[in-house]
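Assemble the complex: chain A is given as a structure, and chain B must be docked to it using the hints.
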Amino acid sequence: METLVATETHCPYCALQCGMALSPAGASVTVAPRDFPANRGGLCQKGWTSAALLDSPARLTTPLIRDRHGELRPASWDTALDLIADKITAIIAEHGPDGMAVFGGGGLTNEKAYLLGKFARVALGTSQIDYNGRFCMSSAAAGSLRAFGLDRGMPFPITDLDDADAVLLVGANPAETMPPFLSHLRKATDAAGLIVVDPRRTPTAEQAALHLAPAPGTDMVLALGILHAVVADGHLAHDYIASRTTGFDEVWRIAAAWWPERAERVTGVSATDQRAAARILARSRNAYVLTARGAEQHATGVDTVNAWINVALALGLPGRAGSGWGCLTGQGNGQGGREHGQKADQLPGYRKIDDPAARAHVAGVWGVDPDSLPGPGRSAYELLDALGTDGGPHGLLVFGSNVTVSAPNSGRVADRLSTLDLLVVADLVLSETGRAADVVLPVTQWAEEDGTLTNLEGRVLLRRKAISPPDGVRTDLEVISALAARLGQPPARFPIDAETVFDELRAASAGGAADYAGVSYDRLRAGEALYWPVPSVDHPGTPHMFLDEFAHPDGRARFVPVDVRGPAEPPDEEYPLYATTGRVLQHYQSGAQTRLVDELTAAVPAVYVEVHPDTAERAGLANGDDAAVVSRRGTVRAAVRCVSSMRPDVVFLPFHFPGDGRANLVTNPALDPVSRMPEFKVCAVRLEVAGT
Amino acid sequence: MSPREVVIVGYGMAGARLAEEIRRRDPAGEVVSLTVIGEENQQPYNRVLLSTVVAGSMTPDAVRLQGSDWAAEHNVDLRLGVAVSTVDRRMRTVTLDDGSVLGYDALVLATGSRAWVPPVEGLLVDGQLAPGVATFRTLDDCERIVSSARAGAPVAVLGGGLLGLEAARGLAGRGCQVTVVHPVGHLMERQLDPGAGGVLARTLRGLGIHVRLGITASRYLEGDGLKLDDGGHLEADLVVVSAGVKPETTLAAAAGLTVDRGIVVDDALRTSDARVHAIGDCAQHPGTVSGLVQPAWEQAAVLADLLTGADVAARYRGTPVVTRLKARDVDLAALGDVHAEPDDETAEVVCLTDPARGRYAKLVVREDKVAGAILVGAPDAAASITQLFDRGAPVPTDRLALLLGRAMPSGASPAASPADLPGASVVCRCNTVSKAQLVSAWRAGARDVSELASATRATTGCGGCRDTVCGIAEWLASTT
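In order, the protein sequence lines correspond to chains A and B. Numbered per our numbering, the first sequence finishes at 692, counting up by one with no gaps. Numbered per our numbering, the second sequence finishes at 480, counting up by one with no gaps.
Take the hints with a grain of salt, since some may be wrong.
Using C-beta positions, here's what the derived DEER-type ranges look like [claimed, not checked]:
| no. | chain 1 | residue 1 | chain 2 | residue 2 | range |
| --- | --- | --- | --- | --- | --- |
| 1 | A | Asp-249 | B | Ala-254 | 35 to 41 angstroms |
| 2 | A | Ser-468 | B | Arg-447 | 35 to 41 angstroms |
| 3 | B | Gly-208 | A | Arg-285 | 29 to 35 angstroms |
| 4 | A | Asp-554 | B | Arg-399 | 52 to 58 angstroms |
| 5 | A | Asp-35 | B | Arg-399 | 51 to 57 angstroms |
| 6 | A | Gly-234 | B | Pro-119 | 37 to 43 angstroms |
| 7 | A | Ser-243 | B | Ala-424 | 53 to 59 angstroms |
| 8 | B | Glu-367 | A | Arg-285 | 40 to 46 angstroms |
| 9 | B | Gly-309 | A | Gly-96 | 39 to 45 angstroms |
| 10 | B | Ala-28 | A | Asp-554 | 27 to 33 angstroms |
| 11 | A | Thr-159 | B | Gly-309 | 54 to 60 angstroms |
| 12 | A | Gly-96 | B | Met-1 | 42 to 48 angstroms |
| 13 | B | Gly-208 | A | Asp-249 | 33 to 39 angstroms |
A few chain B residues that don't get close to chain A, going by computed Cβ distances all over 10 angstroms [unchecked claim]:
| no. | residue |
| --- | --- |
| 14 | Arg-275 |
| 15 | Glu-348 |
| 16 | Cys-351 |
In case anyone wonders, no lab produced these hints; they're calculated from the structure. A quick note: this is a predicted structure, and the numbers were derived from the prediction, not measured. Built from N, CA and C at the ideal position, the CB exists for glycine as well.
Next up, chain A with everything else stripped away, as it sits in the complex (with noise of 0.2 angstroms):
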């Protein structure tokens, strides 16, 4: 019998990681808010409504293997590992270890991220691993690598944004993705600073004293012209930028050819609003930018980040105690996810793969050589673009993902999963690329283990076991070693305690970027508010960074020099609108989980797609039609919303929902150089009346 004693834990959604406390009830569990930093006591409806999956008769409680017939029929766990480790090792004696090829999620706890990134590289011997967090976090986290020198998403507490005077959100849309982190922002929404840049009228813009209304696409020129005002309007802070700072004048070279007048011709931001921007920021004591996926989901992601760090480097807020800048990351573990080995270039401890002192010493931790680990594999697109193709890989593993609703140009990766020999997921529901699968296995969620996570601010969270899972269900750890033992790892080189995966990457990241040495579950379970780098057990951790410096090794941070390119896919006569794509308050990610919750799916049920009302009707359609949104890639069907607010060239679609209303049927995988982050917050659509 379980003991009726509350266990405090964090949500299972967002980067935000709202504290809360579950207290058994039956086979589930009930949710109270409970008061920590992030959240203070709030939750949204998604949290409120998270046990809803702990004991839905939607949970797969068994392992399930695709028939002759076609059929997903349940099978027992070692009858499903078995033939999941004889594929595994007939593609990789025909196709060698790249042959095989591993997609993780940023929703995965430190420790199912760092073991399954062990797993590719030792037990497959595969270089051909990413994640989904490629979709999400990759351009920020290149953008401040190149102006800091690392990448820590907000590199001070969240509860520093509760002094700010004034706050300006790029593409962030808060109100809907983490509403209780609104709470940090009312000073500086009552001191009429918060600006919003978003090219629809969001819930969070509706907040705003400014609300800058870009065409999309168009956020770098916004920037330009911004980081111009700053300049000829005096704001300019010289001795930061003298003391703290290289590049400033290469970087000016470039904005000096924005004039606001001429970067409002192609933004349709007023000139008198970008100076408004610049005014506001510059005259608050405490100001800071923050980025989020609407700057930086595009193939000039990278840049479009460098260009805000650019205007908070100008007006001298990063690094300055009360200012800075710093990104809001996505998925639950969105931070810890790109830290610990999933991604395709790096080790543990954001280490960099083809850094030979980085691979001696991980590899020092795991017992194996150095030279028997791979280098850099396929980014995420390109990964699931090459399935099943000469070269690319042809066997796939897919931990907390689903790819078929998630990756851009959609259409084409469910043809690509289609081609291969072996699919498996593994997952608690079973999601669309399930459906897809030869092998899925049962997984268990938040609740039902412990683990630890990396909220957005860069402080290290301990999930802790609430309940026990059904019957049936197995930990991803226990997975994940169940399959390298079939592949004849030795047990203890992959454990399934979280506590003794986590001792083995905290050995594993010592000495890194994201030294994680010093804390411990212990700690965690103390209260400690541990912030990385946590170096040693008796470091304190770093909740502000770069107060003295910054991570390069002059101890400046770089101004670096970007220009306007892009989008990728202009409007034309054939495709005369924008499209976007992004989230509600309801849903998360994909939806898989979120659509399995009664009460989400009565508030938004299904796709549909935002338009100005004489975008409707000039394409014959009325609110609550069905519409065909038209893509060079593919047809969206969703239900007409008319939205005055909306600009007449944009239609907006949000990417939770499967079949012919998933919105990544018409984005565009064009990607960025540098992060290798797909474009899908604009490309080139026209709207029709849904064909029957």
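Same frame as chain A, now just chain B:
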């Protein structure tokens, strides 16, 4: 194959941009061997920003287009402080005034334009500007203006066009007593109708700038000022002449190229000699108004495509002209056909005027597209309408909303009382809680915000609905 010899005459906004565009396409100089000749002995600068130098908000150094080592780093043979004396089109050579001779495969004239000085007695002495007189065209001009523009000094600006007004605003910002003398009955008559010109003049007066319309100067006397043609006198320590520019075509004309107002070019930016091109202010392309930077930069991109072979089919088809006044606290945009009147039956003309608040908005629509517009003090509308104009996109059905922009009253004004809120309306977005749910919870015994929150979860997300929930609780308490 040896690279093609390209010689650019002129290192201003057009010439420098062309050099950059060529090197962007041919970074190593494998296709084009580039020589640039600049008459001014200095790095190129951004003329658009000269009014900010006059206003004192930017230093001359901040408006440079390129660093001093740009040419060396980009494999460009840059000759500064020399002028081209002659072009020999038969031999395909240019001779410089230092005696050197350069051969070319393609020659580009980017010679720009020069300030025109009206025939007012005393402005010129022996062909040079008299002491106390400055044109407003070059960085040297700015230096000359700034050095005599002390606070409180009377300054006359001759010409109420775009540049004259930008200079006037900059000088007023420095504390000068500025008077604009304009020969026509309203300001910026090329771009504005009389109504807009009137609102603009009123706005400028509010900023301390005197505006004298329909008047010309007849004589300048150093240390005294201007004598006006109505017999009046205008004291001025400094006279800034901004009466227009003339394309610099002397070299082209001497070389026998076809010159009209400017050097005549086709869509491939060729002059009457196919090996000689012209771009920027000196060029005359059908349907393009010169004197603006956007056409010059677009021409530079097209010509770079052609000269490097990056896109041999590239053509320049003209640039829609949008005039934006760059003057602090004055927001003005004008584009297309601005002179249609509301009684014009061939067009839809919408006009709003609010002179006391410095607002004037006029929209001319033909075939559902923006044909022209003037927007004074209406920045939102200026931004939206410019995009519709540039793209030829259909104009939104609600023309007034477009013109009003943010001044439009919001349709979703908050309900005056919780009683007026429909039951189905969502009060707490974060938890999808409607007013009806709150009412039910109240009836079931939840009496204050925390009890309502426990019962419905309202206010537990971002907390933004707390006041509304409070209001509903108070309203319910008062009605029972």
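Cross-check of the supplied hints:
Evaluation of the 35 to 41 angstroms hint for Asp-249(A) and Ala-254(B) yields a pass: the beta carbon distance comes to about 40 angstroms. Taking the beta carbon of each, Ser-468(A) and Arg-447(B) are about 39 angstroms apart, inside 35 to 41 angstroms as hinted. Checking the proposed 29 to 35 angstroms range against Gly-208(B) and Arg-285(A) shows it holds: the Cβ atoms sit about 32 angstroms from each other. Checked against the hint of 52 to 58 angstroms, the pair Asp-554(A) and Arg-399(B) passes, with Cβ atoms roughly 56 angstroms apart.
Taking the beta carbon of each, Asp-35(A) and Arg-399(B) are about 52 angstroms apart, inside 51 to 57 angstroms as hinted. Remark: the range hint 37 to 43 angstroms for Gly-234(A) to Pro-119(B) is upheld by a beta-carbon distance near 40 angstroms. Between Ser-243(A) and Ala-424(B) the C-beta distance comes to about 58 angstroms, which sits within the given range of 53 to 59 angstroms. For Glu-367(B) and Arg-285(A), the hinted distance range of 40 to 46 angstroms is not satisfied, since their beta carbons lie about 52 angstroms from each other.
In this structure the hint that Gly-309(B) and Gly-96(A) lie 39 to 45 angstroms apart at CB holds, the actual value being about 43 angstroms. Between Ala-28(B) and Asp-554(A) the beta carbon distance is about 30 angstroms. The supplied range of 27 to 33 angstroms therefore holds. Separated by about 58 angstroms at the C-beta atoms, Thr-159(A) and Gly-309(B) satisfy the suggested range of 54 to 60 angstroms. The hint said 42 to 48 angstroms for the Cβ distance between Gly-96(A) and Met-1(B), and at roughly 44 angstroms that hint holds.
A beta carbon spacing of about 35 angstroms between Gly-208(B) and Asp-249(A) agrees with the range 33 to 39 angstroms that was offered as a hint. In this structure Arg-275(B) is separated from chain A by more than 10 angstroms, as the shortest Cβ-Cβ distance comes to about 30 angstroms. Distance check for Glu-348(B) against chain A: the nearest CB is about 15 angstroms away, which clears 10 angstroms, and the non-interface claim stands. Its beta-carbon lying about 20 angstroms from the closest one in chain A, Cys-351(B) satisfies the requirement of being farther than 10 angstroms from that chain.
When the structure is compared with the earlier hints, a violation turns up for hint 8 alone.
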